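K.L.:
For the record, the sequence lines run as chains A and B.
Last residue of the first sequence? That's 379 in the UniProt record's numbering, and every number before it is there in order.
Last residue of the second sequence? That's 379 in the UniProt record's numbering, and every number before it is there in order.
Do not take every clue at face value.
Put simply, identical chains are the same to the list, so a pair is met inside one copy or across any two.
[Unchecked claim] Here are the simulated EDC-like cross-link-like pairs (lysine to aspartate or glutamate), alpha carbons at most 16 Å apart as the crow flies:
#1 Lys273 / Asp349
#2 Lys225 / Glu215
#3 Lys83 / Glu96
#4 Lys191 / Asp269
#5 Lys309 / Asp126
#6 Lys310 / Glu96
No lab work stands behind these hints, which were simulated from the structure alone.
If you're wondering where the values come from, they're calculated on a predicted model, not measured in any experiment.
2 protein chains.
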Amino acid sequence: MRAHAFTHHHNPLPGNMTFAPNSASIRRRSNLSVRMALKEDGPSIAVVGVTGAVGQEFLSVLSDRDFPYRSIRMLASKRSAGKQLTFEDKDYVIEELKHDSFNGIDIALFSAGGSISKEFGPAAVDSGSIVIDNSSAFRMEEKVPLVIPEVNPDAMSHIKLRSGKGALIANPNCSTIICLMAATPLHRHSKVLRMVVSTYQAASGAGAAAMEELELQTREVLEGKQPTCNIFKQQYAFNLFSHNAPVLSNGYNEEEMKLVKETRKIWNDNNVKVTATCIRVPVMRAHAESVNLQFEKPLDEDMARDILKKAAGVVVIDDRSSNHFPTPLEVSNKDDVAVGRIRRDLSQDGNHGLDIFVCGDQIRKGAALNAIQIAELLL
Amino acid sequence: MRAHAFTHHHNPLPGNMTFAPNSASIRRRSNLSVRMALKEDGPSIAVVGVTGAVGQEFLSVLSDRDFPYRSIRMLASKRSAGKQLTFEDKDYVIEELKHDSFNGIDIALFSAGGSISKEFGPAAVDSGSIVIDNSSAFRMEEKVPLVIPEVNPDAMSHIKLRSGKGALIANPNCSTIICLMAATPLHRHSKVLRMVVSTYQAASGAGAAAMEELELQTREVLEGKQPTCNIFKQQYAFNLFSHNAPVLSNGYNEEEMKLVKETRKIWNDNNVKVTATCIRVPVMRAHAESVNLQFEKPLDEDMARDILKKAAGVVVIDDRSSNHFPTPLEVSNKDDVAVGRIRRDLSQDGNHGLDIFVCGDQIRKGAALNAIQIAELLL
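All chains, full assembly: derive it from the sequences and hints.
P.N.:
Set out below in structure tokens:
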């Protein structure tokens, strides 16, 4: 896995506040790029929801990682069909997503919401495509692997490209991916019995329009105006609120239950105890999580730091003397999940507990990058 | 205790983003007010650090609560000495804080930082004043009561006004006050064994200049400029970071250790286990806290909700069907601490655990209001 180096200095704006790249920015990027991953022996790809925040990031990541492909089909809703898109020096016409869109497609990357996945995912599988789905539609289905490549690649080892058989693979929820990227290397060393997670989630999880609304609201508030509330029902600028996902009868919202249930499935451990409180904070595109861990066997903080430093896809930022720890801004547009504030939990006996603080780019490792890494496992 | 009613609708700006009132706003407020708490039989008061965010809020709260006083002395650093200040229709000249500033003062309200408290607090006590100190200077001294009036008023019951003897009373840290306002009513019903806290702290905790910097940075970032970092060493706008308090050798920062140690002292329970992760978020003046509780005996969520609804200084905002829970904006400039997301913790057996989410105005209940309530206990 090729990770971007952490620069450890500020990379303020507009770079870090950039919304998902639009077609124009992709065109600009490809003109500057000498990369060309168009290869006759690569798989044929379809991107479903190509105009969305994650869809656009799929393209960026494919390009950044020189993912080999024979052809690529750009799919979106009827509204976007017919529009032009330039990617890696080649012009594409966005096509309307239909049930027969997947003829001849080896890998279909879906990020257009759960209902689109439910309607078109099975059709793609029937066409022989391997669907990598970023929605929650199939994540908890028993036969669908739920994969973080650094964590549980074996869960999808039975799925082979060009076997003539289609398949579904689910991308976990962003909060789960970011949490488990940090918790799993520790869990492998000393089993995690219980995890208490509080999240600090960015606007990007609710899509490009939510990021735009946060920016608009912030401008309005600074001008003394009433903030526009279209995506969220309340003021987001200079505020925070409990995650907007529906609240279930047990009092948890769906976002929190994803952390609870997906962790069990990914770790293949129905006994792991997880609780989560998911909060949206006025940050653009990277999530932060405060994670309290309880281990079966002792794991001291020095050992934990060493384990995390060696973990793939993880960078440790844990400088106590200069008070330098992970921030959402510092991981924005980066591949690695950053971990810091690694310390023995004073509220647990001996070395049975640790507190850590984790940040990861929600659009990248929390969505598009993880999906492309799943696709790489198929090559 | 007279609490402001929660309106439950948006009260956007500039009201909610107002920085600590300056002299001009105090003047305006007093002209509109018919209140006049100047009373011959009231105590004589000194406000130390009257030009700061909390100092200004001391005045607002004294006025809002009709706190009776015979006289009031406005004290600040040499820099502000000589400036005029109008309060409740009366003009005052700000005086330079000196060791002899406390002659004839019954109650001295301090909020000018720990070093000022350390230097001038003992002098005030020697003059026979009862010092209510908002700094951390004396909080952990064994003989100094650390008081939240709704929680442990008895800790200061031996201190009497006009006894001829001065005394020190410490105001707890803002995060501790806000957390314990919600946790204590539950703790009284079923002893809390362990508490895992993650905070979402506002700019106001670092003073009025920090609030101004957050606003300035936000404007700069929206204009594509490099953000000004004077108060904090990193970008705060559209970002969040581990609390700026110094990090100790155990990996906790001082803010976190305040929650750990002050809880033990206020609850008079050296066995209560507390861990905390303190994070600054780009919010103006109210803190939020995600609190995971472990109880000795079962406490179900319905009982917990009932207990909190009846608790003084607490309001329950816990509407699952409309996804309406406490937010920093909704508690800004309010007296009550708001609690919501009250639910059985799925990661603990039976009803031994609860998750809650708490919001409170950092300047008001987290500082000035709590101090004035302590002063009210002396009347």
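K.L.:
All hints are to be evaluated individually against the structure, with a verdict given for each.
P.N.:
How the hints compare with the structure:
1. Lys273 / Asp349: The answer is between: 10 Å across copies meets 16 Å, while 18 Å in one copy does not.
2. Lys225 / Glu215: both (13 Å within a copy, 15 Å between copies)
3. Lys83 / Glu96: Close inside one copy (10 Å), not across copies (70 Å); limit 16 Å.
4. Lys191 / Asp269: within (10 Å within a copy, 31 Å between copies)
5. Lys309 / Asp126: So Lys309 and Asp126 fail the 16 Å test inside a copy (42 Å) and across (55 Å) alike.
6. Lys310 / Glu96: Neither, since 44 Å and 57 Å both go past 16 Å.
Consistency note: the structure conflicts with the earlier hints numbered 5 and 6.
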